[in-house]
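Asks: Please take these sequences and the hints and turn them into a complete structure.
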Amino acid sequence: MQTYLPPRSVFSEHPLIGLVLPFMAGIAAGEWAYSIFSGCCAFLFVASLAVAVGGYVLQVFRPLQFRTSRFNLAVVSISIGLMGMALLVNQRDKLQPSWPVGAQTFRGMIMETPRGSSKAHQVEVSLTGGQYDGLRVRLTLMRDTMALHTACSVPEVGNTLLFYTSIEPLRASGNPGDFDYAAWLRRHGISGTGFCAAGYWQLSETAASHLPLTVRLHRWRNALVRRYAEYFQGRDLGVITAMTLGDKTHLDRDTREVYSQAGVSHVLALSGLHLSILFALWNSFLQPLFRCRRLLFIGASLVGVAVLWSFAALAGLPLSLVRATIMFTVMQMTGCFRGHSFSLNNLALAAFIILTVSPQALFDVGFQLSCLSVAGILLIVPRLPQPFLLRREAERQPYLVHRPLLRTLFLTGRYSRFPRTACCWFWQLVQVSFAAQVVTLPLVAYSFHTVAPYGLLANLLAVPLVFPLLGLSVVFLLLPFSQPFLAMFIGGLLRLLDGVLAAVVRLPGAALAYSPPLGAVVAFYLFVVFALAASRWRRPVYVYLAGILFAVAVALALLARSPWWVPRQVIVYNLHGTTAVHLVEDARRSYLWSPAPLRADSVLAPLRRNCWEPCGVAAPCLLGDSLVEPHLYAVDGLLAFGGCRLAILHRPLTGKLPVEPLNVDFLVLARGYGASLHAALRRYRPRVVVLDASLTDYYRRRFAGEVRNAGLELYDVRQKGALVVPLDDRRPF
778 MQTYLPPRSV FSEHPLIGLV LPFMAGIAAG EWAYSIFSGC CAFLFVASLA VAVGGYVLQV
838 FRPLQFRTSR FNLAVVSISI GLMGMALLVN QRDKLQPSWP VGAQTFRGMI METPRGSSKA
898 HQVEVSLTGG QYDGLRVRLT LMRDTMALHT ACSVPEVGNT LLFYTSIEPL RASGNPGDFD
958 YAAWLRRHGI SGTGFCAAGY WQLSETAASH LPLTVRLHRW RNALVRRYAE YFQGRDLGVI
1018 TAMTLGDKTH LDRDTREVYS QAGVSHVLAL SGLHLSILFA LWNSFLQPLF RCRRLLFIGA
1078 SLVGVAVLWS FAALAGLPLS LVRATIMFTV MQMTGCFRGH SFSLNNLALA AFIILTVSPQ
1138 ALFDVGFQLS CLSVAGILLI VPRLPQPFLL RREAERQPYL VHRPLLRTLF LTGRYSRFPR
1198 TACCWFWQLV QVSFAAQVVT LPLVAYSFHT VAPYGLLANL LAVPLVFPLL GLSVVFLLLP
1258 FSQPFLAMFI GGLLRLLDGV LAAVVRLPGA ALAYSPPLGA VVAFYLFVVF ALAASRWRRP
1318 VYVYLAGILF AVAVALALLA RSPWWVPRQV IVYNLHGTTA VHLVEDARRS YLWSPAPLRA
1378 DSVLAPLRRN CWEPCGVAAP CLLGDSLVEP HLYAVDGLLA FGGCRLAILH RPLTGKLPVE
1438 PLNVDFLVLA RGYGASLHAA LRRYRPRVVV LDASLTDYYR RRFAGEVRNA GLELYDVRQK
1498 GALVVPLDDR RPF
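Just remember that our numbering sits 777 ahead of the position in the sequence shown, which is counted from 1.
Please keep in mind that the hints were generated in silico from the structure rather than gathered at the bench.
Among these hints, one or two may not hold up.
[As the list claims (entries may be wrong)] In the EDC-like style, the derived pairs of lysine to aspartate or glutamate whose C-alpha atoms are separated by at most 20 Å in a straight line are:
1. Lys1497 x Asp957
2. Lys1025 x Glu889
3. Lys1497 x Asp1442
4. Lys1497 x Glu945
5. Lys871 x Glu933
Quick caveat, the model's predicted, so the values are computed rather than measured.
Replies: Structure follows, in structure tokens:
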């Protein structure tokens, strides 16, 4: 009898993975070395082509003795990696124009549904005309002028907007542990930001003659949201619109927190879960056609693929939904020809297409979680054990089940098909949820700084409710006459889902604030890779490597909670509203100085939630007007800590001049100080002059010119990010 031997390499079984991995590596290298290769897109394209042509010439003539397979793999990997670098550099070059200095008048079209508070609108505008045509900027429009406008002047998708502002390039705040908002905007196609005060923007009275397809789809989605709003309000409206249309404008923060703490945030983000439900419903109608007429089945499959893409376009084409749509398209097409529809090749093909169109999608957390969850389902689920009662052997040989009740209920009884099918479906749900939770948990903890221990339980309770919700929502939108009747059932399911998740969140230890270090995350994923390799090829070296990597991941995760893991440092935060200086002794003891301590403490609330608490750092002690201790001196804006001296000028200078200027390491010029730099230098002799982010543009430009004239080193917090001064580094890694 011929025995089955597993392939010697995963690349021989799934060849597209061998193309996607070097392509991803090239994109990552391009992001890391963008400052070096900026503007060298053409050179990288030529280098990629040269490597491919050179490899082909060497392959044909073979002047050297080499192993052909390894040489071809190296040539293809290098060529594709260079291509990935070229695409990344090309995209980033297009999104980083040279914006004009000073305010100008711009014209553009609103491309997204406006968001904001009662005081301002946040809109995404695509500029039209001039050298910046097609670039997108995110604007903050003050709503104080709403009383002077009519109701029809409220910004909406597709409106033409005239505004006068100064567009700023994207800059990261640089605050340790803070969310990189600038990188997030750049990866979503935004090139700059702007602020428009009251009276400096208005909607054009002439409507655009031609609206892009994306704008038309947004308007259609808004019309469907208004149809939902006729029957649902509050949290129910936010959940149902996010779950079925991808519109999250009605989701409040409390709802997001509940779903995040329960570990079911993917329910609110359109992804493969929602598309698989629609895909299963459509295929359930196609099965009779497959048995009767094959050509009719192929035609219906093409219609289904068109419906899937229409749904993805209506939802705004989020990356997770695009990945799922590509995979289901390939699955449907291969299913028509009886091929292997669900495989790693399909996942690699979907990732390759997305990264070719948008290379920066590689760094999007949603894209990463989507690909990881599917890869985990494909690789881990087949290796999970299955109860004997649900196996085919038990169905073929029922007498092997010794318990008569189970044998009658699930195998030989008259009505045994339904309980057996239900149990099989539930067990598959357990396996899929477990596999997805295992592979995504480290990345979720690293990116969102929270761990949901009851995530598996919440998924087992929430996902079965999503099936009827999506099915009834489709009927609700397609059949308007059924909306009053279906709204009662959908509302009841939404309240049941909300009650289930609220009960899970109330369990002890339901949400843990924890952020593992990057080294622990990388070690864990390498452990998963070698553990899967050990289960496939049964080599002892893979077992040893998996054990070592698991021990390293656990050790790094535990060390990250040690008090001495946090280095001793001084941080001048990048805050627009006030000045804040953080003096960090260790994870248990730190101090926060600010001219307005309570305001600084409230502004730093996101850092406390996303960085300090997950990393085990205690909240800093707010310093008063004066504090003198053996290790800390803080009097009237003069700070001495760990051998570092800072003089912070936040109000007019008073008192007598010293005989000699005081030597300080950093002289921080903050809001409230309006005198000249020369007056400050008569009191202090700094090594570096720091311009705080709270300064207005006028004072920033004035002080920057004075610093250059004085020949001193300048550090602008708003442009370069938060100033971090390490005093010592006691971390082992």
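Asks: If a hint holds in the structure, say so; if it doesn't, say that too.
Replies: Now the hints, each set against the structure:
1. Simply put, Lys1497 and Asp957 have alpha-carbon atoms about 13 Å apart, close enough for the 20 Å limit, and the pair holds.
2. Using a Cα cut-off of 20 Å, the hinted pair Lys1025 and Glu889 holds, with the two alpha carbons roughly 12 Å apart.
3. A threshold of 20 Å between alpha carbons decides the hint, and for Lys1497 with Asp1442 the separation of about 18 Å falls inside it, so the pair holds.
4. The suggested pairing of Lys1497 with Glu945 holds, with an alpha-carbon distance near 14 Å, which does not exceed 20 Å.
5. About 27 Å separates the Cα atoms of Lys871 and Glu933, which puts this hinted pair outside 20 Å; it is violated.
The structure is inconsistent with hint 5 alone, although it conforms to all the rest.
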